[in-house]
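*Asks:* All chains should be modelled from the sequences, with the hints used to inform the complete structure.
So the protein lines, in turn, are chains A and B.
Quick note, the first sequence lines up with residues 33 to 263 if you use our numbering.
Quick note, the second sequence lines up with residues 33 to 263 if you use our numbering.
Think of the hints as simulated: they come from the structure by calculation, not from any bench.
Some hints here could point you the wrong way.
Repeated chains share a single entry, so a pair holds when one copy, or any two copies, can fit it.
[Claimed, not checked] The list that follows gives simulated cross-link-like pairs (lysine to any residue, SDA-like), each with its CA atoms no further than 20 Å apart:
no.: 1; residue 1: Lys155; residue 2: Phe136
no.: 2; residue 1: Lys115; residue 2: Glu47
no.: 3; residue 1: Lys155; residue 2: Gln145
no.: 4; residue 1: Lys155; residue 2: Glu118
no.: 5; residue 1: Lys231; residue 2: Arg116
no.: 6; residue 1: Lys115; residue 2: Ala75
no.: 7; residue 1: Lys155; residue 2: Lys231
no.: 8; residue 1: Lys231; residue 2: Ala112
no.: 9; residue 1: Lys155; residue 2: Gly188
no.: 10; residue 1: Lys124; residue 2: Asp206
no.: 11; residue 1: Lys155; residue 2: Ala224
no.: 12; residue 1: Lys115; residue 2: Thr233
no.: 13; residue 1: Lys231; residue 2: Glu113
no.: 14; residue 1: Lys231; residue 2: Arg104
Protein chains: 2
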Amino acid sequence: MSNPPHFERHFSGGETVRDVVIGMSDGLTVPFALAAGLTGAIAASRLVLTAGLAEIAAGSIAMGLGGYLAARSDADHYAAEQKREEEEIVEKPHAERAEVAAIFRHYGLTDAQIAPILENFEKNEESWVDFMMRFELGLERPDPSRSRRAALTIGGAYAVGGIVPLAPYFFIADARAALPWSALCAVAALFAFGWAKGKATSGRPLRSALHTTLVGAIAAAAAYGLARLVS
Amino acid sequence: MSNPPHFERHFSGGETVRDVVIGMSDGLTVPFALAAGLTGAIAASRLVLTAGLAEIAAGSIAMGLGGYLAARSDADHYAAEQKREEEEIVEKPHAERAEVAAIFRHYGLTDAQIAPILENFEKNEESWVDFMMRFELGLERPDPSRSRRAALTIGGAYAVGGIVPLAPYFFIADARAALPWSALCAVAALFAFGWAKGKATSGRPLRSALHTTLVGAIAAAAAYGLARLVS
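*Replies:* Written out as structure tokens, the structure is:
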């Protein structure tokens, strides 16, 4: 039987856009905030850069593999729930019929209108399971190639986002002199990313740009304050 | 009108568990991996600790605020889509009727069975919008207090997870001597967290524990390798 039609989404660039957003939001924020924080405690750009790059490696792998495992676990979850629904329809058909009826009754159908729908499902159990997966559990059949793509997109976006605000530390040996340039790169990149994200998802680019930039600034300020405090 | 019944989820501890998992997965992995990476390049625990704490501050705020904004944007998205469905039902009722019919036809209902459903929706537009939100778009009405809770849970879990593997650097001045203890704390915490996560979600605790521990180890090894390379 064919897949059910995908849930339509009015504003969306699909899962890849979502994965880029997940990876880049943190990638643009955390390594920059870490580098800014360390600049409060360490004078040599080389050490700040070492920490920043180690963070990018750790963060992109942790987030990328995390995305891979989450997608795999979604797929396992779907398969397990499907098996369970298949069993329930055979073992507890009365309970499952009552669940279908409750769904339609909620939307105002009378029992007389619901009866032929139930009859129809009893004749086609595959259709019934399919219906329960989506209408009772709200689950969509996962795309089998999703997990690998999610890992690469999230991890790659984190790394790309993380490199941008670290670049000035490559070129300026004194970390304190590099920090303003790093902050400038970070703010510009956060603003542009927030704008693009807002365009793609909510249709409110300015608000999204300001939000994203603010999160980066608050995280960097907190990291800076904490690093000064303990050093 | 009452909210539609929530999508039932067979295995679930709800949104709070999900938020703890989001925050703690990265919190247990990234600060540890960063500290391990820096230990390849820096001998003083104090500096490693400074970097680790700055990372925890940056990471927990970036992820917490990110979770806050994501929840807020889900709520905005829901409201915008609802408005759009309300307009479409008034302005393009034929197209919307065709969409409802297509959904039910997919599950094997005949046009004669679909007709009373359509009639019923025409008499109750609120119910119709509700149905479209959930079954055409796959959206659930968001909980208005979710955004603040998401921020605190994700950020807090990140910080708690991050502190555990850093603890040995508090007590052992030589970073190279602290690293094995930090790794031990990290592996034990990752394993326990993965086990609990597996119990709560997939019902396969051992697999989840091994996955989670492996992600942490790979991220730490990559951060270590990169830090040695550039220092």
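*Asks:* Determine for every hint whether it applies to the structure shown.
*Replies:* Structure-based check of each hint:
{"no.": "1", "hint": "Lys155 x Phe136", "in the structure": "both (18 Å within a copy, 15 Å between copies)"}
{"no.": "2", "hint": "Lys115 x Glu47", "in the structure": "neither (26 Å within a copy, 24 Å between copies)"}
{"no.": "3", "hint": "Lys155 x Gln145", "in the structure": "both (17 Å within a copy, 15 Å between copies)"}
{"no.": "4", "hint": "Lys155 x Glu118", "in the structure": "within (14 Å within a copy, 35 Å between copies)"}
{"no.": "5", "hint": "Lys231 x Arg116", "in the structure": "between (40 Å within a copy, 18 Å between copies)"}
{"no.": "6", "hint": "Lys115 x Ala75", "in the structure": "neither (59 Å within a copy, 54 Å between copies)"}
{"no.": "7", "hint": "Lys155 x Lys231", "in the structure": "neither (46 Å within a copy, 36 Å between copies)"}
{"no.": "8", "hint": "Lys231 x Ala112", "in the structure": "between (37 Å within a copy, 14 Å between copies)"}
{"no.": "9", "hint": "Lys155 x Gly188", "in the structure": "neither (48 Å within a copy, 51 Å between copies)"}
{"no.": "10", "hint": "Lys124 x Asp206", "in the structure": "neither (71 Å within a copy, 63 Å between copies)"}
{"no.": "11", "hint": "Lys155 x Ala224", "in the structure": "neither (54 Å within a copy, 46 Å between copies)"}
{"no.": "12", "hint": "Lys115 x Thr233", "in the structure": "between (34 Å within a copy, 16 Å between copies)"}
{"no.": "13", "hint": "Lys231 x Glu113", "in the structure": "between (36 Å within a copy, 16 Å between copies)"}
{"no.": "14", "hint": "Lys231 x Arg104", "in the structure": "between (30 Å within a copy, 16 Å between copies)"}
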